[in-house]
Amino acid sequence: MSSEQDRDIIICRCEDITEREVRECIRRHGLTTVDEVRKILRAGMGLCQGKTCSALVRRILAEETGKKAEDIGLPSARQPAKPVEFGIFLQEGDR
Amino acid sequence: MALKINKCDILIIGGGPAGLEAAYHAAKAAPGLKISIVEENFLLGGQLIKQTHSFFGSKNQFAGKRGFEIAELLMDRVRKNPDIDIHLQTSALGCYEGGIVACESMAEGCLKEFQPGRTIVAAGARENMAPFPGNDLPGVFGAGAAQTLMNVYGVLPGRKVVMLGAGNIGLIVSYQLMQAGAEVLAIIEGLPMIGGYHVHAAKIRRMGVPILASHTVVRATGKSTLEEVEVAPIDKNWKIAGESTVFQADTLCLAVGLTPGTELLEQSGCRMAFVKELGGHVAWHNDRMETSRPEILVAGDVSGIEEASTAMLEGKIAGLAAAEGLSGLDLSDEISRAQQELAGIRKGPYGEKACLGKDKLCKLSVR
Numbered sequence: 000m001s002s003e004q005d006r007d008i009i010i011c012r013c014e015d016i017t018e019r020e021v022r023e024c025i026r027r028h029g030l031t032t033v034d035e036v037r038k039i040l041r042a043g044m045g046l047c048q049g050k051t052c053s054a055l056v057r058r059i060l061a062e063e064t065g066k067k068a069e070d071i072g073l074p075s076a077r078q079p080a081k082p083v084e085f086g087i088f089l090q091e092g093d094r
Numbered sequence: 000m001a002l003k004i005n006k007c008d009i010l011i012i013g014g015g016p017a018g019l020e021a022a023y024h025a026a027k028a029a030p031g032l033k034i035s036i037v038e039e040n041f042l043l044g045g046q047l048i049k050q051t052h053s054f055f056g057s058k059n060q061f062a063g064k065r066g067f068e069i070a071e072l073l074m075d076r077v078r079k080n081p082d083i084d085i086h087l088q089t090s091a092l093g094c095y096e097g098g099i100v101a102c103e104s105m106a107e108g109c110l111k112e113f114q115p116g117r118t119i120v121a122a123g124a125r126e127n128m129a130p131f132p133g134n135d136l137p138g139v140f141g142a143g144a145a146q147t148l149m150n151v152y153g154v155l156p157g158r159k160v161v162m163l164g165a166g167n168i169g170l171i172v173s174y175q176l177m178q179a180g181a182e183v184l185a186i187i188e189g190l191p192m193i194g195g196y197h198v199h200a201a202k203i204r205r206m207g208v209p210i211l212a213s214h215t216v217v218r219a220t221g222k223s224t225l226e227e228v229e230v231a232p233i234d235k236n237w238k239i240a241g242e243s244t245v246f247q248a249d250t251l252c253l254a255v256g257l258t259p260g261t262e263l264l265e266q267s268g269c270r271m272a273f274v275k276e277l278g279g280h281v282a283w284h285n286d287r288m289e290t291s292r293p294e295i296l297v298a299g300d301v302s303g304i305e306e307a308s309t310a311m312l313e314g315k316i317a318g319l320a321a322a323e324g325l326s327g328l329d330l331s332d333e334i335s336r337a338q339q340e341l342a343g344i345r346k347g348p349y350g351e352k353a354c355l356g357k358d359k360l361c362k363l364s365v366r
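Which chain is which? The protein sequence lines are A and B, in order. Terminal number for the first sequence in numbering that gives the first Met the number 0: 94, no gaps in between. Terminal number for the second sequence in numbering that gives the first Met the number 0: 366, no gaps in between.
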């Protein structure tokens with residue numbers, strides 16, 4: 000990732016979070032995990048549930064903390080794995 | 000409100016090459032087992048349905064046939080088996096206590112719950128995103144998404160295309176875009192060499208398309224949609240090392256790798272491991288495709304990024320291993336034949352990375 004220029008690169012498309020915002024947030028709060036970034040900034044909380052951005056957030060976290068990207072853990076994967084309408088939980092399936 | 004829970008023997012999540020082969024071989028080896036496949040798409044076949052190029056590899060994996068033809072063959076033999084129950088437009092939402100898998104049926108607008116004896120997760124992978132300014136402009140696509148638009152829906156994503164990534168996906172999709180009438184201005188590759196097969200790269204070069212190795216996309220610009228893609232040479236530390244070139248393009252496709260889609264495995268409490276050669280985090284598994292949770296198996300790209308031929312064999316192994324566990328039959332000969340065949344396919348130069356990755360995984364302990 001380029002370190003000097005344009006920090007307005009979109010990292011989380013669903014929630015419109017930029018690289019600048021992610022880096023500032025990590026520095027301000029001393030964050031070390033994807034889940035922390037998620038809870039403060041909402042990066043990864045949108046429609047795709049982090050399927051696009053969490054790898055990018057992990058890379059930024061690695062750069063900011065001096066760790067290897069592989070040592071930054073995965074965000075917690077909760078049910079449901081994709082957004083669903085509440086109504087389907089009220090429907091009784093036929094099988 | 001009590002839901003009726005489908006107590007099938009084997010639930011297969013994902014109806015691509017791995018899932019279809021898992022279903023077919025499990026049903027064939029242990030007749031009478033009840034097998035269900037859930038598939039998010041409205042068609043079975045996974046990525047094969049949009050592959051218009053001929054495959055190579057071994058005869059048993061249908062070498063010489065085009066991807067969508069292989070998909071038809073695999074679908075056909077699964078559909079013919081009455082023990083295999085197919086749920087299209089149905090996606091797995093979560094794994095719950097007691098081995099229950101909840102799925103949303105988009106076709107029927109309801110929830111479906113399964114409580115299988117074994118679950119084979121063959122959920123595939125997703126495309127990686129690349130961070131550069133303008134990566135959210137309309138006109139910037141995943142290369143796989145562009146291929147789906149073109150080959151499944153018959154929609155040309157754009158007229159003037161820049162492709163980022165000279166692996167097989169980047170090369171093949173570039174060629175297919177040209178076949179469909181688009182102009183490919185250049186293929187950009189960050190590494191100093193082309194990652195994909197020579198035969199695909201050679202076809203592209205014969206069409207006069209430049210493949211710029213050691214280059215990257217600096218930015219994408221445009222008022223409301225993509226108009227220009229700025230490209231520059233980079234050094235081995237991925238720093239800009241020369242003057243930019245600007246391409247007037249309405250489409251930029253990103254073919255910068257795939258990541259296994261492992262959420263359901265993580266939820267199930269399977270032990271996860273990071274293996275770079277396999278595309279990132281994967282569920283730990285042995286050579287029978289069994290994870291750290293005895294009732295959960297994996298196959299295909301979700302267990303490590305490879306290709307359709309290896310996905311089919313992994314599916315076969317997973318299907319047989321699941322069937323063996325449930326039926327009490329001894330299927331070890333058949334499993335070991337499939338394992339040997341898989342090792343044979345991976346012996347080629349392009350199987351090296353996967354071999355390395357799967358070896359690394361085997362050296363890790365199960366816990």
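The set of hints was computed from the structure by calculation and includes no laboratory data. Treat the hints with care, since some could be wrong.
No farther apart than 30 Å at their CA atoms in a straight line, the calculated lysine-lysine pairs in the DSBU-like style are these [what the hints assert, rightly or not]: (1) B:K238 to A:K66; (2) A:K66 to B:K6; (3) B:K352 to B:K362; (4) A:K67 to B:K159.
Predicted model only: the values in this text are computed from it and were never measured.
* Sort out whether K66 (chain A) lies within 30 Å of K238 (chain B), counting only the CA atoms. => Distance of about 20 Å is within 30 Å: holds.
* For the pair supplied as a hint, K352 (chain B) and K362 (chain B), is the alpha-carbon distance within the 30 Å limit? -> 16 Å, holds
* 30 Å limit on alpha-carbon distance, applied to hinted pair K66 (chain A) and K6 (chain B) -> Not OK: K66 (chain A) and K6 (chain B) at ~45 Å, beyond 30 Å, violated.
* **Given pair status - K159 (chain B), K67 (chain A), alpha carbons within 30 Å** => 38 Å, violated
The structure fails hints 2, 4 (numbered hints given earlier, in ascending order).
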